[in-house]
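With the sequences and hints as input, model every part of the structure.
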Amino acid sequence: MDSSLSLAAPAIVLVLAAMLVLLAPLPRRRRGGGEGRLSAGIALAGFAVAAALVLRQWGAPSHLGFGDRWVQDGLATYFHLLFLGIGVAVLLMAMPYLRREVLPRLEFLALLLFAVTGMMLMAVATELITFFLALELLSMALYVLAGYHRNQARSIEAAIKYFLLGAFASALLLMGMALHWGATGSLALHAAAPVGGGGQFSPALARAGFWLILVGFAFKVSAVPFHFWTADVYDGSPAPVAALMATGTKAAAFAGLLRLLGPGLAPPAAEWTPVLWWLAVLTMSVGNLMAIVQSNLKRMLAFSSVAHAGYLLVAVVTATPGATRALLFYLVAYSLMNLGAFAVLGLVARKGEEYQSIYDYAGLARRQPVLAILMSVFLFALAGIPPTVGFTGKFVIFAEAVRAGLLPLAVIAVLNSLVSVYYYLRVIYLMTMKDEWEASPAFGVPAATALVLAGAVLLVLWLGLAPGQLLAAAADAARAL
Amino acid sequence: MLDDWILTWLIALPALGALPLFLLPAGRPQLARAWTLAVTTVGFLLSLHLWFHFAPGSAASQFSQSLPWIEALGIRYTVGVDGISLLMVLLTTFIMPLAVLGGWRAVDDRVRAYHAFLLLLEAGMLGVFVAGDLFLFYVFWEAMLIPMYFLIGIWGGRRRVYAALKFFIYTMVGSLLMLAAILYLVVYHHQVTGIWTCDIAAMGATPLAGRAELLACLAFALAFAIKVPIWPLHTWLPDAHVEAPTAGSVILAGVLLKMGTYGFLRFCLPYFPGAIATLTPWFMSLAVIGILYGALVALVQEDVKKLVAYSSVSHLGYVMLGIFALNSQGLSGGLLQMLGHGLSTGALFLLVGMIYERRHTRLIADFGGLAAVMPQFTFFFLLTTFASIGLPGLNGFVGEFLILLGAFKAAPVFAVLASLGVVLGAVYMLWMVQRVFFGAVTHEENRGLRDLLPREWLLLLPLAALMLWIGLYPKPFLARIEPSVEALLVRARPAGQELRLDAPAASHGPATSLSLPAPAAGAVPSQPQGE
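Line by line, the protein sequences are chains E and U. Take the first sequence: its position 321, counting from 1, is numbered 321 in the working numbering, and each next residue is one higher. Take the second sequence: its position 13, counting from 1, is numbered 13 in the working numbering, and each next residue is one higher.
Heads up, some of the hints might be wrong.
Said to hold, decoys possible - Estimated spans, in silico, between C-beta atoms of each pair:
{"id": "1", "chain 1": "E", "residue 1": "447", "chain 2": "U", "residue 2": "450", "range": "50 to 58 Å"}
{"id": "2", "chain 1": "U", "residue 1": "5", "chain 2": "E", "residue 2": "22", "range": "53 to 61 Å"}
{"id": "3", "chain 1": "E", "residue 1": "439", "chain 2": "U", "residue 2": "52", "range": "52 to 60 Å"}
No wet-lab data here; the hints were simulated from the structure. Please read all numbers here as calculations on a predicted model, not as lab measurements. Every residue, glycine too, gets a C-beta built ideally from N, C-alpha and C.
Structure, rendered in structure tokens:
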């Protein structure tokens with residue numbers, strides 16, 4: 001039990017930080033006045049301590065805890081660091097955002113901490129009940145966060161849509177779990193997980209359960225045709241929340257997917273590979289084609305995130321250790337580019353997120369040259385143009401696909417990135433080659449957001465040119481499966 | 001030490017030289033121009049070291065350097081030059097200061113960013129020519145698009161945005177399919193040899209066969225054919241060339257187009273000899289169509305810049321014809337023509353830029369009788385025209401002559417048709433010159449035009465000198481390219497005609513699902529022979 005607690009220490013720290021954030025500033029709040037800084041400090045400290053605790057587990061052999069319901073292996077550690085990094089970035093983006101929008105900060109921070117805790121638990125679960133609880137912890141926090149701009153109909157609408165479709169997906173997942181348990185008497189995601197008693201083994205029922213679970217995941221990673229919520233929810237949610245959903249939630253869902261398709265629950269790979277092959281192709285193609293017709297940048301980035309889920313699915317289909325490494329690498333790449341893009345979006349949108357159209361970006365290079373350069377780097381990275389991490393990531397994924405003999409899939413993916421160039425380039429064209437149509441209010445770049453942008457752009461370029469270390473770390477993590 | 005690092009310095013100099021531009025005060029554009037001119041000039045002087053210390057008798061990669069980069073994927077930072085790269089590197093470093101000087105007065109808006117993009121572009125182009133690793137090559141190949149996109153799109157003419165997007169998308173179409181083919185090659189090399197590498201030279205040692213070879217060759221060829229451009233993939237060229245600012249046009253015509261032909265020489269010919277044997281008649285036909293089509297369309301242009309742009313389609317057709325003649329005359333001529341076209345068309349775009357700065361029009365009909373008003377300008381324009389149409393004694397002649405000689409040996413019909421293009425070339429250039437420069441001055445506005453400024457003399461003199469040098473004494477150039485050309489021919493020539501030194505490597509057999517070789521013209525690359 002002792003070792004179990006030490007495994008869970010990072011998550012426990014985050015939960016404690018969340019409670020502290022809510023409680024600590026009470027005396028000051030009664031007097032009225034700034035509650036933001038102290039609670040942001042607590043949350044940041046929570047992330048930092050958690051990260052330090054996770055780092056202590058780096059390179060350690062994999063451990064089981066909590067009656068073998070929790071596995072802390074290289075994969076979990078890798079994902080934990082990614083989630084904590086995303087958490088910090090979203091926090092830094094959100095603080096100036098919330099001040100601008102005059103929204104309470106305490107609750108946001110607490111919810112963010114809970115959401116990240118949920119993601120972290122999703123990456124360690126060895127059986128479906130634990131996984132489901134983690135997913136619900138994440139989802140509950142996100143339902144509230146999506147509607148956090150509570151005076152905006154758009155935001156409320158996003159929350160309702162996300163809640164309804166999220167609940168639907170959860171129900172499918174639960175149904176699948178029930179069927180699977182009924183058929184096999186086991187909920188193990190991992191060879192080491194506890195196997196319950198009872199249940200008649202019925203292969204057909206177990207298959208049905210597996211497929212339902214897979215559909216639940218497809219909702220969470222917004223794979224086509226289960227992607228319809230994505231654009232509406234991102235569009236209505238506050239920009240930092242959209243960033244969290246695009247990066248953290250997606251990464252957590254892929255962490256779960258890796259465990260689901262690993263040894264344990266899934267039928268032989270030959271059964272699900274063709275289905276995921278088509279899922280990947282559809283997801284890439286529909287995501288990219290839909291992104292072309294968007295004139296709202298947030299919706300465009302939403303469909304772009306759908307398309308990127310497709311590229312990630314290519315790595316899932318490939319299903320070799322090399323492909324898992326590529327997937328892990330690309331998740332980091334994808335998170336960096338999107339955090340950067342959403343950070344710029346949150347600034348340019350200004351108060352009430354009124355300026356979301358891509359045409360509001362016209363002339364940005366003249367008004368805010370640095371911001372326009374940064375956005376261009378993020379968009380070129382999303383389009384997969386070297387020397388950015390977006391290119392290196394795609395290169396690795398496609399190379400693994402070709403290596404595994406999936407040449408047609410790689411060619412389809414390559415052609416898809418060609419399509420994506422068009423819509424990313426359109427924003428760059430508007431920023432640099434057009435002048436503003438009508439005067440819009442000026443805006444500044446707060447220090448916290450600037451920090452996120454600087455970190456993201458440096459990593460996007462640095463990892464594009466020197467991906468060696470991250471690739472090695474990803475390879476270590478992939479070995480855990 | 002210098003020899004090891006010089007290529008890296010050559011790339012790093014403009015890339016790093018772009019950064020201090022942003023520290024310069026925005027209100028002093030002259031400073032940014034002077035800085036960029038200084039950086040590019042130093043780059044040129046540095047590259048002269050390559051020219052003087054290049055061992056002419058060798059086809060090996062020289063000044064090479066190889067450092068580990070992404071070891072997990074077998075990717076190394078490898079650079080080096082052989083005779084083919086050497087000329088292209090020198091052409092690039094030579095054209096760059098001229099392009100900067102040529103656009104001296106043309107750009108007043110966002111001057112620092114403009115020059116930063118020029119320098120980044122130079123770094124990218126040099127990288128493409130010296131890369132010895134496929135991944136590195138591809139990174140430079142694609143990264144180079146970004147500065148060119150902005151140069152056309154921000155500082156170009158009226159339809160600049162359309163032209164920039166068209167340029168970018170066209171190039172990406174080819175590049176991405178090439179990326180797929182590169183991945184396939186790397187994986188195939190790994191399957192055959194068990195070694196993960198992206199080394200350009202090593203990759204050539206494991207030839208593909210059959211349908212896989214043909215498809216991979218087509219994927220590479222598409223990327224390069226768009227860049228050359230080969231008819232009918234040329235439609236981006238007139239737009240990009242005409243809309244780009246002067247410096248952009250000079251670089252596009254002078255250097256960027258050569259990347260396509262360079263790609264054919266570096267990859268398609270040595271990697272896919274079997275497929276090339278199958279495709280040669282097709283490429284020769286397309287080259288000849290390009291020669292004649294480009295010339296005919298140039299004939300009817302009313303805009304001088306457009307005329308020069310279409311003349312590029314025609315001239316690059318010659319280069320392709322020379323390359324696919326697959327003999328030493330054709331290839332050497334093609335290479336020399338790449339160099340020569342870079343100089344003469346670069347000069348033509350500079351000259352057109354000069355007249356545009358004075359009159360803000362490029363329509364032939366707006367001129368007439370300029371020879372009386374601007375004799376110095378006329379002299380240089382005529383000289384360049386003669387170089388362009390291949391008058392003996394100037395650079396164009398040597399290249400075209402060798403190409404036609406090579407083509408005649410390989411396929412006389414194509415050579416005869418291509419010779420027709422030479423005549424047409426003389427017709428459209430001279431007719432334009434006659435309408436612009438001779439006769440009476442038809443427009444009053446043209447009477448007061450100033451003749452060449454000192455800056456413009458400085459631009460044109462080195463170009464003219466080099467055109468004469470290549471025309472009168474091409475031996476130093478040919479001596480440097482010949483060993484590389486011969487080495488290339490050994491690899492590229494169909495097996496039936498020539499001893500194949502590398503054939504046994506193919507006997508490992510293709511471990512792919514694609515079907516086996518369809519024998520084409522007696523050129524099955526997997527036949528071990530010539531012991």
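Okay, the hints, checked on the actual structure:
no. : hint                       : verdict
1   : E/447 to U/450: 50 to 58 Å : 53 Å, holds
2   : U/5 to E/22: 53 to 61 Å    : 59 Å, holds
3   : E/439 to U/52: 52 to 60 Å  : 58 Å, holds
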